[in-house]
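Engineer: So the chains spell out like this:
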Amino acid sequence: MRPSQLLSLLLSLLLLPGLGGAAPSSVEASHVTVSLVAEHAAVAPGGATTLGLHFDLEPGWHIYWHNPGESGEPPKVKAWRLPPGAEAGPLGWPVPKRVPMGPIMNYGYEGEVVLTAPLTVGPGWPAEATVEADVTWLVCKEDCIPGKATLGLTLPAADAPQPDARWAPVFAAAREATPAEALATLARDGEGLRVTLPTLDAPADAPIDFLPAVEGVVSPSAPVTVERPAEGGVALGLTLAPTAPDTLDALPGLVVVGQGSDRRALRVNAVPADAAPVDGARAPPPPSDAPTSVAWAVLLAFLGGLILNLMPCVFPVLSLKILGFVQQSGEQAAKIRAHGWAFAGGVLVSFWALGGALVALRAGGDRLGWGFQLQSPLFVAVLALMVFALGLALSGLFEVGLALTSVGGSKRFEGLGGSFATGVLATVVATPCTAPFMGPALGYGLTQPPAAAMAVFSGLGFGMAFPYLVLSHAPALLRRLPRPGPWMETFKQAMAFPLFATAVWLLDVFARQAGADAAFRLGLAFVGVAFAAWLWGRGQRTGKVGAARGVVVAAALGVSAWGALTDLDEARPATAAGDGFWQPWSPDAVAAERRAGRAVFVNFTAAWCISCQVNERVVFRDDDVRAAFRDADAVALKADWTHRDATIADALAEHGREGVPLYLYYPPDPAAPVQVLPPVLTPAMVRDALAGR
Amino acid sequence: MRLSKLLPFALALVGTLAVALPASAAEVGKPAPGFDGTDSHGKKHTLADYKGKWLVLEWLNHGCPYVRKHYDAKNMQALQAKWTDKGVAWLSVISSAEGKQGYSTPDKANEDVKANAAKPTAVLLDPKGVIGKAYDAKTTPHMVIINPEGVVVYDGAIDSIRSADQDDIAKATPYVDKALEAGLAGKAIDPNQTTPYGCSVKYP
Chain A
1 MRPSQLLSLL LSLLLLPGLG GAAPSSVEAS HVTVSLVAEH AAVAPGGATT LGLHFDLEPG
61 WHIYWHNPGE SGEPPKVKAW RLPPGAEAGP LGWPVPKRVP MGPIMNYGYE GEVVLTAPLT
121 VGPGWPAEAT VEADVTWLVC KEDCIPGKAT LGLTLPAADA PQPDARWAPV FAAAREATPA
181 EALATLARDG EGLRVTLPTL DAPADAPIDF LPAVEGVVSP SAPVTVERPA EGGVALGLTL
241 APTAPDTLDA LPGLVVVGQG SDRRALRVNA VPADAAPVDG ARAPPPPSDA PTSVAWAVLL
301 AFLGGLILNL MPCVFPVLSL KILGFVQQSG EQAAKIRAHG WAFAGGVLVS FWALGGALVA
361 LRAGGDRLGW GFQLQSPLFV AVLALMVFAL GLALSGLFEV GLALTSVGGS KRFEGLGGSF
421 ATGVLATVVA TPCTAPFMGP ALGYGLTQPP AAAMAVFSGL GFGMAFPYLV LSHAPALLRR
481 LPRPGPWMET FKQAMAFPLF ATAVWLLDVF ARQAGADAAF RLGLAFVGVA FAAWLWGRGQ
541 RTGKVGAARG VVVAAALGVS AWGALTDLDE ARPATAAGDG FWQPWSPDAV AAERRAGRAV
601 FVNFTAAWCI SCQVNERVVF RDDDVRAAFR DADAVALKAD WTHRDATIAD ALAEHGREGV
661 PLYLYYPPDP AAPVQVLPPV LTPAMVRDAL AGR
Chain B
1001 MRLSKLLPFA LALVGTLAVA LPASAAEVGK PAPGFDGTDS HGKKHTLADY KGKWLVLEWL
1061 NHGCPYVRKH YDAKNMQALQ AKWTDKGVAW LSVISSAEGK QGYSTPDKAN EDVKANAAKP
1121 TAVLLDPKGV IGKAYDAKTT PHMVIINPEG VVVYDGAIDS IRSADQDDIA KATPYVDKAL
1181 EAGLAGKAID PNQTTPYGCS VKYP
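Protein chains in written order, with this note's numbering: chain A, 1 to 693; chain B, 1001 to 1204.
Simulated from the structure, these hints should not be mistaken for laboratory data.
This structure is a prediction, so every number in the text was calculated from the model and none was measured.
Just to be clear, a hint being listed does not mean it is correct.
List of simulated lysine-lysine pairs, PhoX-like, C-alpha gap at most 25 Å [to be verified]:
no., chain 1, residue 1, chain 2, residue 2
1, B, K1128, B, K1043
2, A, K141, B, K1128
3, B, K1043, A, K97
4, B, K1171, B, K1030
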């Protein structure tokens, strides 16, 4: 410190109020001169003016914004001393800049800056009034020096306010530079946040930055990614700070566009899209992420698709495909390949259709996740009837996909439609089963732009179809399958029973969604479909497939569909009575139990999720598992997603999932991290988790 | 290329990606990043040495006004004495680079311990900032508490009032003291993550 600075610092400390003499309006402290200034040289009683703290910094030195970033401390007015009836408002902060210190990022000011404070001048303002402020600040270059001073200013009363020639233009400029407000939406994006400004029109080459107005939510040192979606606007990708809260209702901050003299700032308070004002409620254009992440998600989806083949809900339908291959094993390689691709096409088109619908609905603001289609009783009912009809066909009541069973047909590519349809059916039935790798990939994919999301769905479909593509391209493998023969008819008929079981399960799901009356009507529709199948099958066997028979069959199907599918009330509450073991889940319940120091196990499930139901029966009804829950004094919470539920969808999204099942274990130590258990559970896994192993 | 020929390639790709796991960083609830440091007496310290013990890491720079606040008020020394007496290990880490504020030679570090009557278990000299960066230390002081299982249970500020003013110490919630009290009593640590305040760590 230079002697002159030391002297002025000592002087400023000596010149405290009450020690004779007013406080100085300006102190020359270490590396900064701090002054208390006002827009007016004289004020009118009953009026208003603006006070300012003027910091004049030595080159290289800086002070901090109200959010200082990762180190530092903002200037503060510890106390105002004002004439009676007067009141000073909170400090106003000009737009700061980034001030990096090695790897540490701060927000602050260099050069000259004025922090403003509105002052209401009371009617009793004395003729020779003084205002005083106790001010603290921190000034830093590499090193930091805290400062404090009491600053005073004489503000005489006048009939009319008299602008201060030196400072009035500075305050006017500060008002001029006050950032305008802009609409912004906020979304969680895995470990990050996405702030979208749908209406921001920034030049393509202008740098764009985001400065959070609150501490501890956004990591200041992480780079801000900028995306300019084709629909217009700007989407900013931010990284969450470790101290960020679990849920975020709003993120205030400044969006800074351009640099140098072209720099302008917008004030935003980003809120989730469903809470945004209606006039700004355009679908938030999500930015894409690094292509490696998309590739990773697609690969995970591919693996998930592969594993999907082994899931209990898919196997009956796939048995059809296996039969098809056995059937075809003696045929031309080209034909077999064509069938393989037709099947893959069916799978892919179905995933695209489902994925496209999901992406479109989410863009419309619906908080849906994977499996959403099964949250619709209408979809469940149609699926149940389809599966039942297919079961009837397999058991031989009537014939479909004749090409599948015809050997050595004359047309080379006949029955491709059948292979395609099998692919569609396999996909539709597969949706309840979220394979282990599928949840994260879908969770990621759905936060991405539509093209990336569709890539993830394509990966899933390709993964599911992959074994068949390999088989159809590798005749050597095909020859290892059993030879075709009469056993195939028996096998096909036997495979009807898993399908009937699937139909009954779907009936159960439907009953939970739409109630017993609707389930009864769906049961009658099963009878109607069976009647139609029987009638049609008789016609096929006797060769009498006339128009009259067609009309009767169509009528039977029509009446069944009408009886089962109309008058469905989606909002009907489920009969959620548990067996006393599970308590209903809510984020508050988890928080409360954790505060009480108890371990919490959360079961995210749905009636239509068959892998959830398998876990339910095999694991959670297991006596040893229940004993483990008692031993660990763990609370069992169930989040039932049979119906649409935005809170559950959000919680799934928070763990990067877009569907059920999801099993979470929170150890009794609230500092311990939540454990995510695999989607396919064994009793031992749950017991181990509960025992802290 | 036939799809069947793609299969080995696809499997190899899957295998490669499966082992490409993300790198670690200090995160509450996760195992603490390992470190390998030398103290002011030339003794080696690693995270593994403190398995089975509570461990406090304190980022230190005696030139920083925020560190001075807690040392001049004897607050830091009191915390060090209180908890090392109860068997907690306390490592002060100096991550200031050579030529920057707070940089310490072994002799300087020992003198500072003496002059301040400080009571850490040891002072680690980290002039390359390796330990600091592994723990993502932002400020001096920046405090991290690691439980006997080696898990980070607290990361953040020493107390609740961001200032360089000694008078604020008594008014603040002493986060680190409370965290150790709760942790050693087997109770939940709340808050377990706060925003550290102070001078920036003077990394190279």
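Engineer: Does each hint fit the structure? Answer for all of them.
Structural biologist: Against the structure, the hints come out as follows:
no.: 1; hint: B:K1128 / B:K1043; result: 17 Å, holds
no.: 2; hint: A:K141 / B:K1128; result: 20 Å, holds
no.: 3; hint: B:K1043 / A:K97; result: 43 Å, violated
no.: 4; hint: B:K1171 / B:K1030; result: 31 Å, violated
Comparing the model with each numbered hint stated earlier shows that hints 3, 4 do not hold.
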